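As given, the protein sequences belong to chains A and Z, one line each in that order.
The first sequence begins at 1 in my numbering and counts up by one.
The second sequence begins at 1001 in my numbering and counts up by one.
Hints listed in this document are in silico derivations from the structure and should not be mistaken for laboratory results.
From a predicted model like this one, the values you see are computed outputs, not experimental measurements.
Certain hints may be false.
Said to hold, decoys possible - Computed footprint of chain Z on chain A, listed as stretches where at least three residues anywhere in the stretch have a Cβ under 8 Å from a Cβ of chain Z:
1) 199-213
2) 216-228
To be verified - Think about it this way: if two alpha-carbon atoms lie no more than 25 Å apart in a straight line, the pair counts; the simulated DSS-like pairs of lysine-lysine are:
3) Z:1110 to A:222
4) Z:1131 to Z:1110
5) A:49 to A:144
6) Z:1051 to Z:1110
7) Z:1131 to A:222
8) Z:1095 to Z:1131
9) A:222 to Z:1095
Ideal Cβ placement from N, Cα and C applies to all residues, glycine included.
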Amino acid sequence: MRAAFILSEIGLGLRRNLSMVISVVLVTFISLTFVGAAGLLQLQIGQMKGYWYDRVEIAVFLCVDNSTSPTCAAGPVTAEQRDAIRAMFGAENLSRYVSSVAYESQDDALRHFRDQFANSPIVDSVTADQLPESFRVSLVDAEKYEIIDEAFSSLPGVDVVSDQRELLERVFTVLNRASLGALLVAGIMTLCAVLLIATTIRLSAFSRRRETGIMRLVGASKAVIQLPFILEGVIAAVVGAVLASGTLWLSSSFLLTRLARQCPDTAFISAHQVLLLLPALILLAVLLAGASSLLTLQRYVKV
Amino acid sequence: MIRFDNVTKTYDPRSRPALDGVSLEVSRGEFVFLVGASGSGKCTFIRLVLKEDHASHGAVHVAGRNVATIPSWRVPRLRRGIGVVFQDFRLLPNKTVFANVAFAMQVIGKSRPMIRETVPDVLRTVGLEGKNNRMPHELSGGEQQRVAIARAIVNRPGILLADEPTGNLDPTTSMGIMRVLERVNQNGTTVVMATHDDDIVDTLRKRVVELRNGRVVRDEAQGVYEGAIAAAAL
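With the rest of the complex left out, here is chain A (with noise of 0.2 Å):
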């Protein structure tokens, strides 16, 4: 019976205050979707780190098949040139600047290649004799990166000495850049909304004020005289996150796709990742429009 009468006032309440429900759904619909769009290019930061980007700093890239480096003239990488980088990390002169030194094989690159590019179509055209078998080094002094491009890069057997953060700390700049405006509308439209729904929920209490006060009189219980109140500026939140993820969810698919075709040679995130991102947007308008509500509450509606 009480869960039916609290509906029912809900229902009186979205309509009479229709107009005003309408510009709450529309400002959390925009400020969510800023809100998910900086979730997206953190994501996309995230994918394109891949296995080694926090681990270390270089790679030393050692010869395959295709390598058109002149020190891997001789074919690919033979077990003696390896053994012999290997050592050159133990050397003296070269220890003391070198923190750590993992080798990767072949398998592990085609491991590592295919979790990283698993939402790419090129995954499954990729073997592992045409991924190099490398050395991930990281500094002591992260600075310190010729030194190792000297020593390793004329080495026979070695293909390329890479610093493999500084390319891609440029487009990440790029994108923490636009996560950060993207976040800074957000905020702004997030304000917005809150405000908006305390606005709504005051109209609301003041044209229902009859009602709350015969409730009151007659002794109902806080809950069943707020609940309406809250969960319309919910609902309404609510159906603006539902907007904002369709649209977040429909627009990086069909741009996840075309850019995939255009660059395969960039990891992205799939349109999966996009939908694991949808429930934190809905339970983060039910978070605003409750509190901002319950807040407006306390002001306006006596209990």
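Fit chain Z to the given chain A structure using the hints.
Same frame as chain A, now just chain Z:
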């Protein structure tokens, strides 16, 4: 049923208190008129009983409990035991007579079958049988006040507080309302009615408590509106 122990209520420390050391006891099943000019403290009395305000000094007991000790989440339970009727009826204009009365049961979670059974009974008690589906604006003032009384008593409260219930009604209609309140009282409900209506008080000859400037200046059984002191002053 209601007991005031030396109750003082001050809204603004710079002006005189709204109630000033009031001690008063209303027993179960009594019918009490609360008379006095506007601003004499009748309204404050009712607000204190409902715990809409708290006393500045002294203790207010309702149904055997000091209301100051009732935690705020239990206040609704206190109010379920008290029916209230106002001068301006306070009906919901977009609900039918039946729905207005049923509303008081819905919001405290009574079942639908129980509501369907109780509401027509109560409407019969207040003399509104057959008007279930009317809207408030289709009713006369007296009928609207009957709806308000029905709503106040539908949850069978032990106490009915009436704040000038006949203030907007003509004398004949007012007497009809008084018959209803007497019937409610005969069913065992304690009735406290604040009023300006001297005809009614003089006709019914019930207990009369007169407030003046927040003090009880007269409390007599089977009293009249104009007290002996006031009459002598004229």
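| Holds or violated: residue 222 of chain A with residue 1095 of chain Z, Cα cutoff 25 Å? | Roughly 22 Å between the alpha carbons, so the hint for residue 222 of chain A and residue 1095 of chain Z holds.
| CA of residue 1051 of chain Z to CA of residue 1110 of chain Z, is that 25 Å or under? | OK: residue 1051 of chain Z and residue 1110 of chain Z at ~24 Å, within 25 Å.
| Is it true that the CA of residue 49 of chain A sits at most 25 Å from the CA of residue 144 of chain A? | 21 Å, holds
| message | Against the 25 Å threshold, does the CA-CA distance of residue 1131 of chain Z and residue 1110 of chain Z hold or violate the hint? | response | With a Cα-Cα distance of about 22 Å, the restraint between residue 1131 of chain Z and residue 1110 of chain Z holds, given a limit of 25 Å.
| field | Pairwise hint evaluation, residue 1131 of chain Z against residue 1095 of chain Z, where the allowed Cα distance is 25 Å at most | value | This hinted pair holds, its Cα atoms lying about 13 Å apart.
| message | Would the hint linking residue 1131 of chain Z and residue 222 of chain A be met if the CA-CA limit is 25 Å? | response | 32 Å, violated
| Assertion that chain Z covers the segment 216-228 of chain A - criterion: three or more residues, beta-carbon distance below 8 Å | holds (count 9)
| query | Is the hinted pair residue 1110 of chain Z and residue 222 of chain A satisfied, with a Cα-Cα distance of at most 25 Å? | reply | This hinted pair holds, its Cα atoms lying about 16 Å apart.
| said: Closer than 8 Å Cβ to Cβ for three or more residues is the test here. Does the segment 199-213 of chain A pass it with chain Z? | reply: holds (count 3)
Violated hint for the displayed structure: number 7, the only one.
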